[in-house]
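Undergrad: If you read the sequences in order, they're chains A and B.
0 is the number of the first residue of the first sequence in numbering that gives the first Met the number 0; add one for each residue after it.
0 is the number of the first residue of the second sequence in numbering that gives the first Met the number 0; add one for each residue after it.
No lab work stands behind these hints, which were simulated from the structure alone.
Heads up, the beta-carbon is just placed ideally off N, CA and C, and yes, glycines get one too.
Do not take every clue at face value.
Computed Cβ-Cβ distance ranges for the label pairs, DEER-style [unchecked claim]:
hint: 1; chain 1: B; residue 1: W185; chain 2: A; residue 2: S236; range: 34 to 44 Å
hint: 2; chain 1: B; residue 1: H84; chain 2: A; residue 2: G412; range: 40 to 50 Å
hint: 3; chain 1: A; residue 1: T381; chain 2: B; residue 2: H84; range: 41 to 51 Å
hint: 4; chain 1: A; residue 1: N104; chain 2: B; residue 2: F164; range: 27 to 37 Å
hint: 5; chain 1: B; residue 1: E93; chain 2: A; residue 2: P71; range: 54 to 64 Å
hint: 6; chain 1: B; residue 1: H84; chain 2: A; residue 2: P71; range: 51 to 61 Å
hint: 7; chain 1: A; residue 1: S236; chain 2: B; residue 2: Y148; range: 35 to 45 Å
hint: 8; chain 1: A; residue 1: A101; chain 2: B; residue 2: L133; range: 47 to 57 Å
hint: 9; chain 1: A; residue 1: K81; chain 2: B; residue 2: L302; range: 21 to 31 Å
hint: 10; chain 1: B; residue 1: F164; chain 2: A; residue 2: P300; range: 23 to 33 Å
hint: 11; chain 1: B; residue 1: Y148; chain 2: A; residue 2: P300; range: 42 to 52 Å
hint: 12; chain 1: B; residue 1: V141; chain 2: A; residue 2: A66; range: 35 to 45 Å
hint: 13; chain 1: B; residue 1: P86; chain 2: A; residue 2: K81; range: 23 to 33 Å
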Amino acid sequence: MRINRAIRGRTGTVARLFVAFSALVFGGTLFGIANTGAASAASKPKTVTLQYWSTYNTADKEASTIANVIIPKFEKENPGIKVKSVIYPYSDLLNKFIATSAAGNPPDVMRSDIAWVAQLAGQGIIQNVGGLKGFSAIKKDALPGPLLTTEVKGKFYAYPDDTNTQALYWNKADFAAAGITSPPTTITQMLADAATLTVPAKQQYGLGVDGTDIWNMAPYVWSMGGSFTNAKYTTASGFMDSSATQTAVSTLLTALKAGYIGSDFQGGASAVSGEAGFPKGEYAMYIDGPWAINTYAALSPVPSYGIAPFPSGAGGSHSTVGGEDTVVAKNGKHIAAADKFAAFLASPFAQLAMAKQGDMTSFKTDSAAEVKATPSYKVFATQLLTSKIRANSAGYSALDTAWSNVMGQILAGGVTVAAGLATATQEANSALAGS
Amino acid sequence: MDSKDSTLLKQRPAVSPPGAASRRRSRLTRIATPYLLLLPAAFLYAVFIVYPIFRQFDISFFNWHIFPGVSNPFVGWTNYSRIFHDPAIRTAAENTLLFLVITVPIQMALGLAAAALVTDRLPGRGLWRALIFLPVVTSWVVVSYVFAYIFGLQGGLANAIISIFAGHTVRIDWLAQTWTGNAVIWIVSIWKGVGWSFIMFLAALDGVPRDLVESARVDGASEPRIWRHVVIPNIRPTITFVSVLLVIGASQVFTQVFITTGGGPFGSTGVLLTYAYQQAFSFFNFSYAAAIASLMAVIVLGLSILQIRLMRRNHNS
């Protein structure tokens, strides 16, 4: 018993010593860690790294401008915020953003096609930025068209970034050869010119229309007085199937049947896009955005062409608003930093730097400077004053697909214009209701 | 039980004799082994098949959002009702039905014919079997891309061959036209699928009693009569099995359409699953896509049950 007690006593002493030693070591370590953290926190400000996803073009200077000019300037002005730029192909970006959002790990900021904003807002995966400091600061200077693309059901879900619209590119040599001295100012004149400019022997079409989707067809439809939906994007009935829309579609169908419109309208593997066919003389006229200026400037020889506003019809001269907005992922870890960066992308410094690379500004203040720096933007800046936005609805993609598919059937002769538009309207209503 | 027996029972020791426990253990092991062996497969089946099916039905009754934390309101049968009022789904449904009606009988007929030809007497039977079955084990994605190249406008093999026979350059844009696009989808599906029916029928034909066939032949029955009255009745269970599985497979056609034509031109070659995929991943209408897939599952299940019953009734009559 005595031995046992002695052992117990010794054991107890050893144990007590061990506990005391451990406490000292462990406590010291904890204290040390805490102290080191505190010291480093005091010496270095905490750095936030923002993930910024986009589809900037790597073939020209667009991507390098964002990486080497804009982001470094932002980081310099905002110590403690780093931006990691990741560029994806256009076809991948949306689904990657959706997938990472579902997994709870989206990028902080994304440069989104304006057509995606309503869809992303509908899914609840982007931040309502209406109340954020950066957005409030830039909102009042935004051009009305680009600002509308950020608004979904009265709330703002994006910062306007760049904008664009389409205008009429016309080949000066083809016009001169046909004895036409100036670009058309009316749709009637445009179609008459298209007939004159069509030279089957040279495989030259008077007009190129780059597809049946709304982006490509809307300028014709709107300018001839037609439309797609009501102003609130809740119904297509009475708009997509209206007599004015039918007239617009019938007019294009007639021109296609007459052979004045090229292969790109109906698509297929043999179709040549406007941008590829125009400089080669396949299309005497077509509509395109400001980015084509840089594309043609890089060609040798540079094609001789002019840019004119989209011709007027019964509804006026309306083109489609295009471009990109900046969105912030919902429930992100760095909302305040993301807001700062998105607002910086809308600053005159960033806007004017990107304008030189073909991304027109979405802000009133920078418009004049932009046109001064790039005079060829003037026609686009003027066109933007009457350009319209496509349906800003979560159901837009489905509506656009419905329209495009039915147009394909109409052009192929599978269905009449009236019957086709009735079907398209029904499908569009289903898309809008589903959204 | 007499008194002697009851005495014996009383005399039985309370503790089991040595060896009884190990016998019990081995019996338990014998019973448990198959379940244990099945467990991994059952687990995978439950996780990747059963759960998604139930989840899909579940999602179809809500306005479901992919983002966690966003409210998903219950909408009842709304998504199902939308299917019947959606004109765009009509083309996809028609194409799926057409695909089923065209590819299933052709695959069965070609598979049976090939199985009948590749008999024991055919030299190189093993090689023929391997060659015909080879497409089955290739990847749908790879095969679809290969056929897309074969029927491509630029440098496609199909146009090159037709050009040789035509004596001039033929440029058919196979994949950009509705009927030629559909035809390419049918051709790739039949080419890849026929080997499976072939192997099934080959096994079934091997099981037809030879003495029956021989006695029919001795009795003077012609080959068509032998097939009609001896062979076909004997392989009827296989015919049912093959047809049911082919119908299920045809209803689920997706990869070859998605890769070759992408549902185009203008959605005219799309099928129900490409339409559901588009609704989910292009338009983010996940609930509507789930409703389409769920309805398809119910229809295919019903169709399969009907097929089995009809075949059984024919067999009995």
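Undergrad: All hints are to be evaluated individually against the structure, with a verdict given for each.
TA: Quick rundown of the hints versus the structure:
For the pair B:W185 and A:S236, the supplied restraint of 34 to 44 Å holds, since their beta-carbon distance comes to about 38 Å. Between B:H84 and A:G412 the Cβ separation comes to about 27 Å, which falls outside the hinted range of 40 to 50 Å. Evaluation of the 41 to 51 Å hint for A:T381 and B:H84 yields a pass: the beta carbon distance comes to about 44 Å. In this structure the hint that A:N104 and B:F164 lie 27 to 37 Å apart at CB is violated, the actual value being about 56 Å.
Between B:E93 and A:P71 the beta carbon distance is about 57 Å. The supplied range of 54 to 64 Å therefore holds. Under the hint 51 to 61 Å, the C-beta atoms of B:H84 and A:P71, about 54 Å apart, fit the expected range. Distance hint check for A:S236 and B:Y148: the Cβ-Cβ separation is about 44 Å, which falls inside the suggested range of 35 to 45 Å. At about 39 Å, the CB distance of A:A101 to B:L133 disagrees with the hint of 47 to 57 Å.
Taking the beta carbon of each, A:K81 and B:L302 are about 58 Å apart, not inside 21 to 31 Å as hinted. For the pair B:F164 and A:P300, the supplied restraint of 23 to 33 Å is violated, since their beta-carbon distance comes to about 43 Å. For B:Y148 and A:P300, the Cβ-Cβ distance of about 35 Å falls outside the hinted range of 42 to 52 Å, so the restraint is violated. For B:V141 paired with A:A66, a C-beta distance near 37 Å keeps the hint of 35 to 45 Å intact.
Taking the beta carbon of each, B:P86 and A:K81 are about 51 Å apart, not inside 23 to 33 Å as hinted.
Checked against the numbered hints above, the structure violates hints 2, 4, 8, 9, 10, 11, 13; every other hint is satisfied.
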